[in-house]
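J.: Take the sequences, apply the hints, and build the full model.
Under the UniProt record's numbering, the sequence shown has 222 at position 222, and the numbering climbs by one with no breaks.
Please keep in mind that the hints were generated in silico from the structure rather than gathered at the bench.
Wrong hints could be hidden among the right ones.
[Stated by the list, open to error] Below, in silico cross-link-like pairs of lysine-lysine (BS3-like), each with a Cα-Cα straight-line distance of 27 Å or less: (1) 545 / 248; (2) 531 / 280; (3) 569 / 656; (4) 207 / 167; (5) 221 / 175; (6) 186 / 137; (7) 221 / 545; (8) 221 / 137; (9) 417 / 569; (10) 244 / 207; (11) 207 / 522; (12) 522 / 306; (13) 248 / 506; (14) 306 / 167; (15) 506 / 545.
[As the list claims (entries may be wrong)] With beta-carbon atoms standing in for the labels, derived distance ranges: (16) 410 / 172: 31 to 39 Å; (17) 188 / 284: 43 to 51 Å; (18) 198 / 499: 54 to 62 Å; (19) 549 / 600: 35 to 43 Å; (20) 312 / 195: 42 to 50 Å; (21) 352 / 146: 22 to 30 Å; (22) 179 / 222: 42 to 50 Å; (23) 530 / 188: 34 to 42 Å; (24) 198 / 111: 42 to 50 Å; (25) 380 / 193: 29 to 37 Å; (26) 594 / 656: 34 to 42 Å; (27) 530 / 593: 49 to 57 Å; (28) 380 / 356: 23 to 31 Å; (29) 167 / 307: 25 to 33 Å.
All residues carry an ideal CB built from backbone N, CA and C; glycine is no exception.
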Amino acid sequence: MAMLVRGNMSYDAFRNCLNRSGIRICFLLSVTFAVFFLLATSHRFGDFNVYYVSLRANGSYDKAIVRLRYLRRLLPEVKVVRRQYGIERSFKKFATGTGCVRPVQNINDSEIMPLFHSVAPLNCSNESNWFTARNGKLILMQEAVPQNASIQCELQPIVFNDDFTVKTLDRSEAKHNMSLQTDFFKIQCAAADGKNYTNYHATIVPKESMNERANPVNSFKRPLNIYFLGFDSVSRMSFMRKLKETYKHITEELNGTVLEMYNVVGDGTPAALLPILTGKTEEELPETRRSQRNASFVDVYPFIWKELKQLGYATLYAEDVPTIGTYTYRLKGFNEQPTDHYLRNFYLKVQEDTHEYNPLCLGSESLYQVHLSYVEDFFTTYPREQRKFAFQIHVGYSHDDFNRAELADGPTVEHLKFFQGRYSLGIYFIIMRASISSVHYFFRERIFERYGVNCVLRSRIEIFSFEACETTTKQGKLEERNPFVSIILPPWFEETFPTAVRNVVKNGNRLTTPFDLHATVKSLLNFPPPKVGNLSNRGISLFSKIPASRDCANAGIPLHWCSCLSWKKFSTDALISWYIGDELVKAFNEQLKKEQMLCSPLRLDSVLEAYVSQPEDDFVAFVESKGYDGREPRFGRRIGVPYDSYRLTIRTNPRKAIYEATVLYDVTKAVLLIDLDLVS
Numbered sequence: 001m002a003m004l005v006r007g008n009m010s011y012d013a014f015r016n017c018l019n020r021s022g023i024r025i026c027f028l029l030s031v032t033f034a035v036f037f038l039l040a041t042s043h044r045f046g047d048f049n050v051y052y053v054s055l056r057a058n059g060s061y062d063k064a065i066v067r068l069r070y071l072r073r074l075l076p077e078v079k080v081v082r083r084q085y086g087i088e089r090s091f092k093k094f095a096t097g098t099g100c101v102r103p104v105q106n107i108n109d110s111e112i113m114p115l116f117h118s119v120a121p122l123n124c125s126n127e128s129n130w131f132t133a134r135n136g137k138l139i140l141m142q143e144a145v146p147q148n149a150s151i152q153c154e155l156q157p158i159v160f161n162d163d164f165t166v167k168t169l170d171r172s173e174a175k176h177n178m179s180l181q182t183d184f185f186k187i188q189c190a191a192a193d194g195k196n197y198t199n200y201h202a203t204i205v206p207k208e209s210m211n212e213r214a215n216p217v218n219s220f221k222r223p224l225n226i227y228f229l230g231f232d233s234v235s236r237m238s239f240m241r242k243l244k245e246t247y248k249h250i251t252e253e254l255n256g257t258v259l260e261m262y263n264v265v266g267d268g269t270p271a272a273l274l275p276i277l278t279g280k281t282e283e284e285l286p287e288t289r290r291s292q293r294n295a296s297f298v299d300v301y302p303f304i305w306k307e308l309k310q311l312g313y314a315t316l317y318a319e320d321v322p323t324i325g326t327y328t329y330r331l332k333g334f335n336e337q338p339t340d341h342y343l344r345n346f347y348l349k350v351q352e353d354t355h356e357y358n359p360l361c362l363g364s365e366s367l368y369q370v371h372l373s374y375v376e377d378f379f380t381t382y383p384r385e386q387r388k389f390a391f392q393i394h395v396g397y398s399h400d401d402f403n404r405a406e407l408a409d410g411p412t413v414e415h416l417k418f419f420q421g422r423y424s425l426g427i428y429f430i431i432m433r434a435s436i437s438s439v440h441y442f443f444r445e446r447i448f449e450r451y452g453v454n455c456v457l458r459s460r461i462e463i464f465s466f467e468a469c470e471t472t473t474k475q476g477k478l479e480e481r482n483p484f485v486s487i488i489l490p491p492w493f494e495e496t497f498p499t500a501v502r503n504v505v506k507n508g509n510r511l512t513t514p515f516d517l518h519a520t521v522k523s524l525l526n527f528p529p530p531k532v533g534n535l536s537n538r539g540i541s542l543f544s545k546i547p548a549s550r551d552c553a554n555a556g557i558p559l560h561w562c563s564c565l566s567w568k569k570f571s572t573d574a575l576i577s578w579y580i581g582d583e584l585v586k587a588f589n590e591q592l593k594k595e596q597m598l599c600s601p602l603r604l605d606s607v608l609e610a611y612v613s614q615p616e617d618d619f620v621a622f623v624e625s626k627g628y629d630g631r632e633p634r635f636g637r638r639i640g641v642p643y644d645s646y647r648l649t650i651r652t653n654p655r656k657a658i659y660e661a662t663v664l665y666d667v668t669k670a671v672l673l674i675d676l677d678l679v680s
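T.: Below is the structure:
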């Protein structure tokens with residue numbers, strides 16, 4: 001009924017317009033229509049992003065139009081900011097069209113922060129472990145065992161059989177301070193008062209064959225050890241959020257260099273680790289997938305530790321949560337023990353006996369601490385002059401929910417202090433890295449919980465990920481591609497090789513990949529590498545200067561994993577160009593207020609160049625890797641980046657001064673951000 005009345009009123013008004021007496025009514029209706037039209041179309045300027053720039057803002061506008069009050073109401077709010085806004089400053093002085101510029105990441109991004117929360121402290125057993133093991137010796141903790149009670153203990157060694165089955169040796173009596181024959185063992189005790197103790201322990205029993213290995217003189221004239229310490233599923237931003245004390249210790253106490261523009265080259269842990277350890281992608285290596293006939297064991301891969309063994313290194317590889325092991329989840333695993341010390345069979349036995357997918361404690365000790373202590377034992381049991389290579393990655397805390405990564409913060413700081421204070425000063429080369437095989441899935445899972453998005457649940461082997469959900473956060477897509485990587489060098493290294501160290505620091509702001517970490521380790525075997533890296537090489541040692549012009553194609557990064565922006569030129573007559581230029585000049589004049597007696601106010605004369613940054617189409621449309629083996633990308637609905645970037649060159653009056661500025665548009669808040677530190 002109301003619709004009909006409105007229709008009749010509109011008809012009467014139209015008829016009055018045809019009469020001279022209704023001219024006033026026609027005028028009022030026209031004004032009303034214009035106002036409603038502007039309100040209805042104002043979203044075009046509210047969504048002030050790349051899409052609308054290219055589609056609607058390339059017409060020619062009179063520059064005075066940007067000063068009209070009614071039009072300004074339709075354009076974004078403007079804020080002049082200086083660092084305090086909390087966004088990462090990622091704009092470098094690259095020539096337009098060359099090198100890599102990353103989209104901005106906000107550590108306090110409003111879409112992501114609701115997904116983070118603190119977790120309760122880990123509560124292991126209140127009863128202290130009766131035994132520990134250090135440097136190949138079994139130690140009875142006298143204060144932990146029942147007082148005035150005799151105890152009888154049996155020790156069962158655990159040894160490598162293959163990557164999928166556990167092998168144990170005959171039991172024997174366990175005694176305090178006895179020398180152990182294997183790295184891992186299960187111990188069971190019974191006390192006269194009826195108390196029992198069962199636990200699993202790990203230590204380092206040196207390999208007798210180590211004395212037979214060659215120990216050639218290297219360029220360092222001292223033993224240089226190589227240590228990778230890793231966390232699964234932790235992006236660089238999440239590392240800074242969840243391991244705050246570790247980040248502070250690395251950057252402030254150890255002078256570590258963070259590779260801020262490190263970019264993954266594929267999906268999942270194998271894609272993160274294989275390029276580091278072999279210099280190749282899984283597709284480039286021999287077939288080892290369990291799903292394929294005639295597949296080989298991963299022993300055929302050219303792991304870097306094979307070469308290091310020939311050069312006299314003692315080697316260690318440690319990874320927890322064997323159910324989702326890097327080389328066993330889809331691949332055939334190792335047929336022979338790959339390194340001198342290999343932690344997998346220890347975890348297999350723990351999992352077999354406890355029937356737990358991811359136990360976090362062994363008695364009164366966290367499994368993460370057991371993990372770290374095993375590595376510390378490796379570096380202390382062998383003599384100082386023995387070269388050592390250790391690669392360990394911790395999965396248990398962070399794989400399924402990286403909020404739990406904060407549980408590792410304190411122990412990791414103490415672990416690094418252990419090396420710094422007693423055993424690494426002047427001899428250790430340490431690389432911290434955190435891979436991100438499931439960070440993107442985590443964002444999707446949490447969005448499912450919060451908003452009820454329709455997703456398909458994968459429950460294979462107790463891992464919960466929403467693989468078919470196409471809704472995710474804009475920044476989550478960026479963080480998925482940017483793990484935390486830091487390199488820590490001993491103090492003597494800079495004194496001996498100052499150019500190489502300067503290159504490492506400079507490369508912290510250059511596009512880097514896992515291939516570069518492999519090249520870095522290789523370069524240590526024949527040091528020093530060339531002073532400037534060759535762009536024709538996919539992997540460049542971090543001790544060589546990586547050219548600023550390097551892009552994803554040079555670095556071997558597939559387009560859908562490439563998070564670099566490309567700069568697209570658009571019209572200098574576009575409304576957006578003049579709006580940004582005018583706001584820049586206003587910001588300049590605001591800064592000049594204190595000197596207004598000496599300086600004339602600036603006026604915008606012209607916009608000389610205008611560019612907008614855009615990620616690659618494959619980047620914004622990539623959803624996930626599909627199939628059991630995860631080798632093919634699946635594309636879906638386009639998801640952009642949280643910030644659009646505009647680069648303008650403007651000329652002002654008086655005196656025709658020229659300025660170049662980069663400004664950001666916060667897509668989620670519809671705010672244009674002008675940082676005067678990004679003006680030159």
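J.: Which earlier hints turn out false for this structure, listed by number in ascending order?
T.: 5, 8, 9, 10, 22, 23 and 26
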